[in-house]
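Assemble chain B onto chain A, guided by the hints.
Line order of the protein sequences matches chains A and B. The numbering of the first sequence is the numbering used here, which starts it at 1 and goes up by one. The numbering of the second sequence is the numbering used here, which starts it at 1 and goes up by one.
Everything labelled a hint here was simulated from the structure, so no lab data went into it. Warning: the hint list may mix true and false statements.
One copy or two, either will do: identical chains are not told apart, so a pair holds if it fits within one copy or between any two.
Below, in silico cross-link-like pairs of lysine to any residue (SDA-like), each with a Cα-Cα straight-line distance of 25 Å or less [said to hold, decoys possible]:
(1) K228 / P345
(2) K228 / P4
(3) K36 / E19
(4) K170 / H339
(5) K2 / Y45
(6) K2 / S219
(7) K268 / K381
(8) K228 / H325
Number of protein chains: 2
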Amino acid sequence: MKIPFNKPFLTGKETEYIEDAVMFGKISGNGDFTKKSHQFFKDRYGFKKCLLTTSCTDALEMSAILVDIQPGDEVIMPSYTFVSTANAFILRGANIRFVDSRQDHPGIDEDLVEELINSKTKAIVVVHYAGVACDMEKIMGIAEQHNVYVVEDAAQAIESYFTFSDGTRKPLGAIGHLGCFSFHETKNIIAGEGGMLVVNDDALQARAEIIWEKGTNRSAFFRGDVDKYGWKDIGSSFLPSELTAAFLYAQLENLEKIQAKRRFIWKKYHIGLRLVADQLGMRLPEIPEYATNNAHMYYLVCESREQQKQLLDYLKRKKILAVFHYLSLHKSDFFKQKHDGRELPMSDLYSNRLIRLPFYFELGVAQQNYIMKNINRFSEKEISLQKFQIA
Amino acid sequence: MKIPFNKPFLTGKETEYIEDAVMFGKISGNGDFTKKSHQFFKDRYGFKKCLLTTSCTDALEMSAILVDIQPGDEVIMPSYTFVSTANAFILRGANIRFVDSRQDHPGIDEDLVEELINSKTKAIVVVHYAGVACDMEKIMGIAEQHNVYVVEDAAQAIESYFTFSDGTRKPLGAIGHLGCFSFHETKNIIAGEGGMLVVNDDALQARAEIIWEKGTNRSAFFRGDVDKYGWKDIGSSFLPSELTAAFLYAQLENLEKIQAKRRFIWKKYHIGLRLVADQLGMRLPEIPEYATNNAHMYYLVCESREQQKQLLDYLKRKKILAVFHYLSLHKSDFFKQKHDGRELPMSDLYSNRLIRLPFYFELGVAQQNYIMKNINRFSEKEISLQKFQIA
Numbered sequence: 001m002k003i004p005f006n007k008p009f010l011t012g013k014e015t016e017y018i019e020d021a022v023m024f025g026k027i028s029g030n031g032d033f034t035k036k037s038h039q040f041f042k043d044r045y046g047f048k049k050c051l052l053t054t055s056c057t058d059a060l061e062m063s064a065i066l067v068d069i070q071p072g073d074e075v076i077m078p079s080y081t082f083v084s085t086a087n088a089f090i091l092r093g094a095n096i097r098f099v100d101s102r103q104d105h106p107g108i109d110e111d112l113v114e115e116l117i118n119s120k121t122k123a124i125v126v127v128h129y130a131g132v133a134c135d136m137e138k139i140m141g142i143a144e145q146h147n148v149y150v151v152e153d154a155a156q157a158i159e160s161y162f163t164f165s166d167g168t169r170k171p172l173g174a175i176g177h178l179g180c181f182s183f184h185e186t187k188n189i190i191a192g193e194g195g196m197l198v199v200n201d202d203a204l205q206a207r208a209e210i211i212w213e214k215g216t217n218r219s220a221f222f223r224g225d226v227d228k229y230g231w232k233d234i235g236s237s238f239l240p241s242e243l244t245a246a247f248l249y250a251q252l253e254n255l256e257k258i259q260a261k262r263r264f265i266w267k268k269y270h271i272g273l274r275l276v277a278d279q280l281g282m283r284l285p286e287i288p289e290y291a292t293n294n295a296h297m298y299y300l301v302c303e304s305r306e307q308q309k310q311l312l313d314y315l316k317r318k319k320i321l322a323v324f325h326y327l328s329l330h331k332s333d334f335f336k337q338k339h340d341g342r343e344l345p346m347s348d349l350y351s352n353r354l355i356r357l358p359f360y361f362e363l364g365v366a367q368q369n370y371i372m373k374n375i376n377r378f379s380e381k382e383i384s385l386q387k388f389q390i391a
Numbered sequence: 001m002k003i004p005f006n007k008p009f010l011t012g013k014e015t016e017y018i019e020d021a022v023m024f025g026k027i028s029g030n031g032d033f034t035k036k037s038h039q040f041f042k043d044r045y046g047f048k049k050c051l052l053t054t055s056c057t058d059a060l061e062m063s064a065i066l067v068d069i070q071p072g073d074e075v076i077m078p079s080y081t082f083v084s085t086a087n088a089f090i091l092r093g094a095n096i097r098f099v100d101s102r103q104d105h106p107g108i109d110e111d112l113v114e115e116l117i118n119s120k121t122k123a124i125v126v127v128h129y130a131g132v133a134c135d136m137e138k139i140m141g142i143a144e145q146h147n148v149y150v151v152e153d154a155a156q157a158i159e160s161y162f163t164f165s166d167g168t169r170k171p172l173g174a175i176g177h178l179g180c181f182s183f184h185e186t187k188n189i190i191a192g193e194g195g196m197l198v199v200n201d202d203a204l205q206a207r208a209e210i211i212w213e214k215g216t217n218r219s220a221f222f223r224g225d226v227d228k229y230g231w232k233d234i235g236s237s238f239l240p241s242e243l244t245a246a247f248l249y250a251q252l253e254n255l256e257k258i259q260a261k262r263r264f265i266w267k268k269y270h271i272g273l274r275l276v277a278d279q280l281g282m283r284l285p286e287i288p289e290y291a292t293n294n295a296h297m298y299y300l301v302c303e304s305r306e307q308q309k310q311l312l313d314y315l316k317r318k319k320i321l322a323v324f325h326y327l328s329l330h331k332s333d334f335f336k337q338k339h340d341g342r343e344l345p346m347s348d349l350y351s352n353r354l355i356r357l358p359f360y361f362e363l364g365v366a367q368q369n370y371i372m373k374n375i376n377r378f379s380e381k382e383i384s385l386q387k388f389q390i391a
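Next up, chain A with everything else stripped away, as it sits in the complex:
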């Protein structure tokens, strides 16, 4: 591919910091770079308790353990999401109740959540699709009323905010009881594979640290809070190596620079594609009043499934790798027999019609112009075809 969908970006210090970690004599988890990364997030976003993980999947699995999912408990989440959002809770025995997406956005339709809550409901998991906030005021209200946990799958949502109706602004990941981030290579800030759990609920913090360290109180031991450590709970090896943390920290130091470039790319797509989108009957992303734009992704919602396929094929012939995204989880081979039969038409619509355009730090102006020019060419071809058919 001449223009890939994604391309990881080295800010310059990653391998230097990895060498530092080796020289410091510690490349397993929970060393200096892990602590510095935690501190970065605390300072910038006011997160109370941060724990780097080997993936966002692992942060979601920690969440499922922390909210104490028991077999038969129910968890509510959108169907239009990554498999890990669901698998993390299914591994603990949860039954998933999938919810449809909004008309104007692939995020969970907040108005469809409450009707699914019953005495077995343990948690609502929201996914901030494309880094754009769900209506967290509505979600937190429902959760409080019914006394269920809220887990934010903020995999795509670093450096994104939600504004409450009283004007308070909070970073995504800091609003629910738990927040889960990803540093997978396709994200704004990367570490190959990587993630982070943010623990906002004070009552869950001590246990989070134990679960993170394989079910032991090793962290407390190293802080000097206890004089020996041992096996206290279930848990796993959720913590990433210092190699991963060192790489991540180099990226975090360049967050502003990365975000500035990504916002530039996002805006250029958004201005440049307005006209052709109208011509093709496509929808462009919209940012609600209460949300900010972290420029994680640029997507189009096609007029039809056929148009999605045709445009993806057309761009592929031009050596541009645009891609579709999730497939409705309630219709997957694994889940379709378990689903309760409700139709989730918006989730299916985004599965069949959404296209993500190439988006990465090193995407140049000429490349972006080439992508947009080819979407215009596709449109002209379509329009002349329609004229021909009408004639």
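Here is chain B on its own, set in the frame of chain A:
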């Protein structure tokens, strides 16, 4: 500490390969370096199916999913092991039946396994302590007779072998249905945090690949075996990043060099400490006929718990970090109420008396001499103290 217990070692190509991975445009999991690492293990050890993981813990968790642990199933394993050996199976709902260690070695006492097998038993997990093989002929015989799975916790056991009575020699990790390796910074071959699952049972291979890729058939898709991929099963993000795999591959290229140095260190301890061990009533490690020595660890078994404490303290004053190891899991805060009450005296003995000496690639001759000299000084002090007490 002047002499740490462990010190990670860069062979020289690690950061170069990490930069290569970035330049190849792929730093998430299952890229070129992951495939090259898998191939290395296949070529060197004849492993059929290898899957790098983010830790040995994760390889054990994959094993628990693959042998299809259901709540109430029983799993037999030594009490003298790391918490992850047990937690991986407890996360799937297993009840653990802990077994004592051998008199002559901290590994599982094979003769105590069969009496614990019943209709609920799903698997036997053996731990090749210090990289020295358990009697796999005995274990596989029991497993076959009772139709239970065998999982090898080969965390410490890279480049170590077992010889069957008919003369056949097999690498550890290739004998049970599943084998789990660690590349944690304390191991012979390191990647910070990291591990690998080896799938020896053909019937488990296809599912292993799906569980590894978050419950999707993405690996088959990328091979071109299926034309689209989706959600097929439970699973997690078990695969490590290419950053981790690149680091690991640089280490693997230097396996022979690393092993030669480690064998030298091991032998030097073994020869140099014979006399003083006899004086102190300590035991040195012994390698059974059927096993090989991969020079993972050098340990002493003290005469008493007091001696362990005194020697550790003495060495600490000399700025030498020697350390004890596992604490019997059946006596942990988490498990003691769940244990069936059997005494496991050898496990307790190793918990209370075993000392691991500093052991890493860059441990110099002068440092090793200094360590051994101080163990001798400790002995002289002990002996003169005894004389004084007798007098």
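Structure versus earlier hints - violations, ascending order: Of the numbered hints, 4 and 5 do not hold.
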